[in-house]
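Undergrad: The primary structure of each chain is shown beneath.
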Amino acid sequence: MPEETLIIKAGSKQTVWEDAPISRRIIVESGAKLLHYRLQEMPLTQTNNSETIIEVQENAVYESFILQTGAEKSFLKTVVNLVGEKASAFIGGIYLAAGKQKLRLETEVYHKAENTISEQQVRGVAADNAEGEFVGLIDVAGGVKAIIGNQMHKALMLSETAGVKCVPELAIASEDVKCTHGSSIGMLDENQLFYLQSRGIPLSQARFILTSAFLAEILNTITEENCLQNFRQKVETWLFVNMK
Amino acid sequence: MAWFKITNLDAGTGDKQILSDFNLEIKPGEVHAIMGPNGTGKSTLTNVICGNPKYTVSKGNIEFKDKDILSLPPEERAGMGIFLGFQNPIDIPGVSVMTFLKYATNAQRAFKGLEPLDAPSLLKKVKLRAQALGISDAMLKRYLNVGFSGGEKKRIETLQMTMLEPDFAILDEMDSGLDIDALKVVAEGVNVLKSPERSFLLITHYDRLLTYIEPDVVHIMVAGKIVRSGDKSLAKELEEKGYAELINA
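So the sequences go chain by chain: A and B.
At position 217 of the first sequence the residue is numbered 1439 (the numbering used here), and the sequence of numbers has no breaks.
At position 16 of the second sequence the residue is numbered 3 (the numbering used here), and the sequence of numbers has no breaks.
Because the hints were derived from the structure by calculation, they are not lab data.
Idealized CB from N, CA, C, for every residue including glycine.
Hints are not guaranteed to be accurate.
What the hints assert, rightly or not - Take a look, some chain A residues computed to stay more than 12 Å from chain B by CB distance:
1) K1231
2) N1271
3) K1299
4) I1339
5) L1450
Said to hold, decoys possible - For lysine to aspartate or glutamate, the following EDC-like pairs were computed, each having C-alpha atoms within a straight-line distance of at most 16 Å:
6) B/K41 / A/D1411
7) B/K14 / B/D53
8) B/K(-8) / B/D8
9) A/K1400 / A/D1361
10) B/K128 / A/E1439
11) B/K128 / B/E139
12) A/K1299 / A/E1328
13) B/K99 / B/E63
14) B/K41 / A/E1412
Construct all of the structure, not just a fragment, from the sequences and the given hints.
TA: Below, the structure is given as structure tokens:
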């Protein structure tokens, strides 16, 4: 269990950048907004197992993005408790696995109050013999009303020996709920590749362009500009190295 | 060897043979049209010329500019100057029209040993051609083909053709889904490119396109091969009589 606690004071707005995984608790007090950006790019000789538990109080906003590319094996878990009315959470994430890496992103969102909104958007790319995994839960407590919860996972496998697994889960005990979840896992579309090649774009560049475009869609949800550019650069570097 | 010549071609997809002993020769500066019933192999032909890996060639040759191109990947055929205007252009989410044009333009320049075009020059070139085709700045910023109507997709295909200036442009049913105004715009995009060094192969069901882009030769294609050829009056005759009567004549 995480021991360190970070408190975002009521009514304040804060941006937190973590360039290594930390297990901790975060409380976003009422009316506050936290932009929480996390990077996991540990050496391939290391493993990671970390958990962040976030409590979002009344009228507070939790917006987060995780980029996971490092470690031989990594489990990164995010638990969000929406405990106050009109609390909201957006959790975005990308995992990029190559070689023999095993990378997992896990998110659990608990709607414990009325009028709360959550969004989970995850993209993954797995190359070589790597394995990527997303486990995502939306849990709605009984008796709460006016809940919106969405979850989407999409992954690309760049080789036939890569693997991706998705475990979506909805646990809903209330009737006044709009919840959706979806997952798609596949390889690059051959028709799209041919279209690019028919314009003179070499196959390797076409693969790069399409994979980059696949990830751009979710990167563009990051609202803090410096962090967005930072993440973009790291994604491009990973693609450049692993898609030769 | 020849400028563009298909000789005794058998091709298909999976176990299905679609093109059967197909022959066609096109000289520089010529406009050819191929008309034929649905399912006769017209789109297979265009895809095989451009090197779509979904299709296999079991017999025959395709030569372009005195070179056998069957062993070349699609991008090298494009680099040699072959362009395909797709019948159903695919969506490319995440890549804007403008960005795509940059990639395509610079890829073609690389084949010619040229440096990439600088951003201001590219923008100027794109805007000039986009304006002529009735394509707005807003559309250039949208993801390629995502949410576009059929007519918009065909305008974007035409924009790509006018940007890349191919030596041999194959237009697969460029007229489908277009109203008269859009058809005129697209046809004009083709006509301004006509030159003694540039050839076109138009695939169409209808005579309508050929009233705006005048062909030198019209072919009728049935069951994977060309069964009759003639001048532009053949298209009119086909429109009046239909395929069955014309083929059995």
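Undergrad: Now, for every hint given, state plainly whether the structure supports it.
TA: Now for the hints, and whether the structure bears them out:
1. K1231: Holds, since 38 Å exceeds 12 Å.
2. N1271: holds (32 Å)
3. K1299: holds (28 Å)
4. I1339: holds (25 Å)
5. L1450: Non-interface label stands for A/L1450: nearest chain B Cβ at 15 Å, farther than 12 Å.
6. B/K41 / A/D1411: Holds, at roughly 12 Å.
7. B/K14 / B/D53: Given that 16 Å is the threshold and the Cα spacing comes to 12 Å, the pair holds.
8. B/K(-8) / B/D8: The given pair, whose Cα atoms are some 13 Å apart, holds under the 16 Å limit.
9. A/K1400 / A/D1361: holds (12 Å)
10. B/K128 / A/E1439: Measuring from Cα to Cα gives roughly 14 Å; hence the hint holds.
11. B/K128 / B/E139: Holds, at about 14 Å.
12. A/K1299 / A/E1328: Given pair A/K1299, A/E1328 holds - Cα atoms ~5 Å apart, limit 16 Å.
13. B/K99 / B/E63: Distance ~11 Å between B/K99 and B/E63 Cα, so the pair holds.
14. B/K41 / A/E1412: holds (9 Å)
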